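Per my numbering, the sequence shown starts with residue 345, numbered consecutively.
If you are wondering where the hints come from, they were derived from the structure by calculation, not from laboratory data.
From a predicted model like this one, the values you see are computed outputs, not experimental measurements.
Beta carbons are placed, not taken as given, at the ideal position from N, Cα and C, and that holds for glycine.
Treat the hints with care, as some may be off.
[What the hints assert, rightly or not] Keeping only pairs whose Cα atoms sit at most 25 Å apart, straight-line, the calculated DSS-like set for lysine-lysine is: (1) Lys590 with Lys574; (2) Lys1212 with Lys1112; (3) Lys641 with Lys745; (4) Lys752 with Lys641; (5) Lys752 with Lys696; (6) Lys1015 with Lys1066.
[Stated by the list, open to error] Cβ pair distances, simulated, as ranges: (7) Asp606 with Ala386: 40 to 46 Å; (8) Lys696 with Ala589: 35 to 41 Å; (9) Thr957 with Arg902: 26 to 32 Å; (10) Ala722 with Lys898: 48 to 54 Å; (11) Gly1228 with Thr737: 21 to 27 Å; (12) Arg640 with Asp896: 45 to 51 Å; (13) Thr957 with Arg1005: 29 to 35 Å; (14) Arg895 with Leu472: 39 to 45 Å; (15) Ala722 with Arg895: 48 to 54 Å; (16) Glu911 with Ala731: 36 to 42 Å.
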Amino acid sequence: MPLLEPKPEVLRPGGARTPSPDRVPDVRAAGTPEPLRGELTALLGPEKVLWTVSDLVKYASDASPYRFVPQVVVVPEDIDDISAILSYAHGKGREVVFRAAGTSLNGQAQGEDILVDVRHHWAGIEVLDDGARARIRPGTTVMRANATLARYGRLLGPDPASAIACTIGGVVANNASGMTAGTTRNSYRTVASLTFVLPSGTVVDTADPAADELLTHAEPQLCEGLLALKAEIEADTELTARIRAKYEIKNTNGYRLDAFLDGSTPVQILRGLMVGSEGTFGFISEVVFDTLPLDRKVSSALLFFPSLTAAAAAVPRFNEAGAIAVELMDGNTLRASVSVRGVPADWAELPKETAALLVEFRAPDEAGQEAYEQAAAAVVEGLDLVAPVASVTNQFTREAKVISGYWKARKAFVTAVGGSRPSGTTLITEDFAVPPSLLAGACEALLRLQAEHGFDAAVAGHAAHGNLHFLLAFDAAKPSDVDRYAAFMDDFCRLTVERFDGSLKAEHATGRNITPFLELEWGPKATELMWRTKQVIDPDGVLAPRIVLDRDPKAHLRGLKTIPEVELIADPCIECGFCEPTCPSHDLTTSPRQRIVLRREMMRQPGGSPVETELLDAYGYDAVDTCAGDSTCKLACPVGIDTGAMMKDFRHQRHSPREERIAALTARNFKAVETSARLAVAAADKIGDRLLETVTGLARKAVSPDLVPEWLPEIPGAAPRKLPRTSRVGASAVYYPACVNRIFGGPEGHRGPSLPQAVVAVSARAGKPVWIPEDVAGTCCSTIWHSKGYDEGNAVMANRIVEAAWGWTAGGRLPLVVDASSCTLGIAHEVVPYLTEDNRELHRELTVVDSLVWAADELLPELTILRKTGSAVLHPTCSMQHLGDVEQLRTVAEACAEEVVVPDDAGCCAFAGDRGMLHKELTASATAKEAVEVNSREYDAYLSANRMCEIGMDRATGRAYRSVLMELEWATRP
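Start from the sequences and build out the full structure, keeping to the hints where you can.
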């Protein structure tokens, strides 16, 4: 073991714990049992089989209230792997469940045997017919697909609130719809063709003209069975009419029986049945969508009403006016949304009975927009709106930022309300639909029913389509709470079906949650047809048993997960998974959600249990070491949970007092450290990469791979020994060259000025000269210590830089321009918790400006562009995301290049200071998709604005990245 390897026991949860009833039993501590593990490893290869108890636990939870620990997790790369897994399951009598993003809310992505991860290797989109159609793989998120389609003025029909994370495979398998899809823009209506693998292993491409002939040859009994069911349904006029009526409103409960009416051949029937089948009929490997126009003229309003029923009563009027979306939010939802960044704080004071409608109109042109606005104004004129707090305007707006804020609050319904639930409680998300004309009555009845059962639930939904969602929180560890939930569900389902003839699942699909109530809604005849359909397609019951269909009347109460309390910063997490696509390590080790899930399992365990010990042994590398600490999870999480901050705290806990003292010593003597580092980089040019890689590799083995960086060939040479000469007299700003730009030079082969020279030159050119203080050496933004959890060293440097900056800027009279986005973030925000009270006062007087903002807002208007490069690709860093200056990066780049491209897969590079040198596999994983996109063509310039991120992208792409300010200097050089 390396000399300074952290001890796992340090992170063992302390305090008295009561073991949870749903804890993983000790017998599972060894992970996947034999011969299952060995047989699948031999079949697929060791890299495709996840078998440790840590692997199994992190896949056991999803966004639903259920938790089932699989026997094994497999990660197939292609259809051959899928077919091999299904063949193995048939031969061994095992069960298979497919899981993509894990954002489903009813447990349909959870299995107790073989769980198949179909996200990791299944992303990609191909645009067809100039955007009219798109071929999309199932692991692609809706947001990623729409980002590509937006260039063609198109988008997908389904638009679930979880679009940031949910994947196409899950959207189609659940027939998820969302805010605007209704019954006409959902997957069932907009899927042009599917390619899928049946339980037998047969692959079907519904777009193939010979598909029916091939299927009849491969699966004659299947084809005969489907046609027989079709004939039986069509012969029953009463049943046919009932099926058609059920789909006049949103409905995802059970199988799409209308597929037998809409399809004339077995392949056409299967194409319809696969939509909404929740992985019980096969694996969808590819989807071709008919896309829809992206109408860019948008007008929206958030209108406040005195009650939920008053708001619901107004919905039909906006539908008649042509609104594409009418979203309902009750008082509980509105008040909980204050935890969402950008939501007005005074919403917390809204009366409980208040409700709001988010109404949106979209048009292709100005004339259409004006017509919609006139129609909307006429509706508003006849409404009795209220303005209980100052931020309420009740006005339609075209302002994109305001509209985005409205939607952010609405889409955060589940997570914001769930995050404010009592600690330790499980969250249930219910979803139903009634005819829109009955919506007001349904709201009134729902509120009364919730009160009868002691639930103070939140309500929101797609009111335009009669579709409501509501949340219930209860303690799954308490039998009395589970009984209360069960009683409510019995009454709620009867109310929805018997009084309103509604759908018990409008868009979240049956899952495990509504299986006992399927017959209540559909009746015995239709329900039995669904069972027979399953028997025809999956006669051996290999795929997802107990999902959609289950004869157990208490199936919805089985597997409810407890939510033990964890660290305060993570405790509000409802395991929604919105954080996962942004996380640099999610394809390598763990995601933020999984870091929290693993921690919760530790809390379920009795202290010192074999399962807890195994989890702790894996947690150090899988969770703590390979977290980039970039905190983009905080940006993606609707309630701002910063799992990166939690991992930094865990790093701090692992430090010994001696390590903390040494780190503080380096901070106090950073001038010497900085000088030594620059000299070492300069010497490295003469020593050679191979020898340095060998020496650092040996040191990492002897000391710790999380303490000793590995030398990488992409590390540039040293920066010039001296910074440019500047004058304080007449300076428009103080320029602070970050320590990385004082140590490292530009990319290899760069012949122009250094970054500090470029910033000084271009600022002078714009008539806004900058001054570099003579004593910047030995100061730092403190991120070096902050990212590693060295609190004492962090405090030393944080206070030093603020005191120095206050003096340099004459008490804040001049702005402080910082030339690395992560350093700007550090000085502007991250140092604050570590400052003394006096220095917090000084910090409040500072104006810290990122160099991108300085260039875009202050310099560009005063500069003359004399030349442009042809094309440039950008790497927006995670710090730019936090600072909100990605647009400034684009603005500066567009001034310097004829064509500017931001890759759709751009994300955090995970180089994270030196983390990419400590764990180069982290950066390799984080940048893999972006690198493929970047290298799909040649660019004339590769631009960013953070030296360490540029090094990370150099390594990922083999291209030489540099600061966009260096490009700006060249573009304006006389």
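### Query
Any hints this thing doesn't respect? Which numbers, in order?
none
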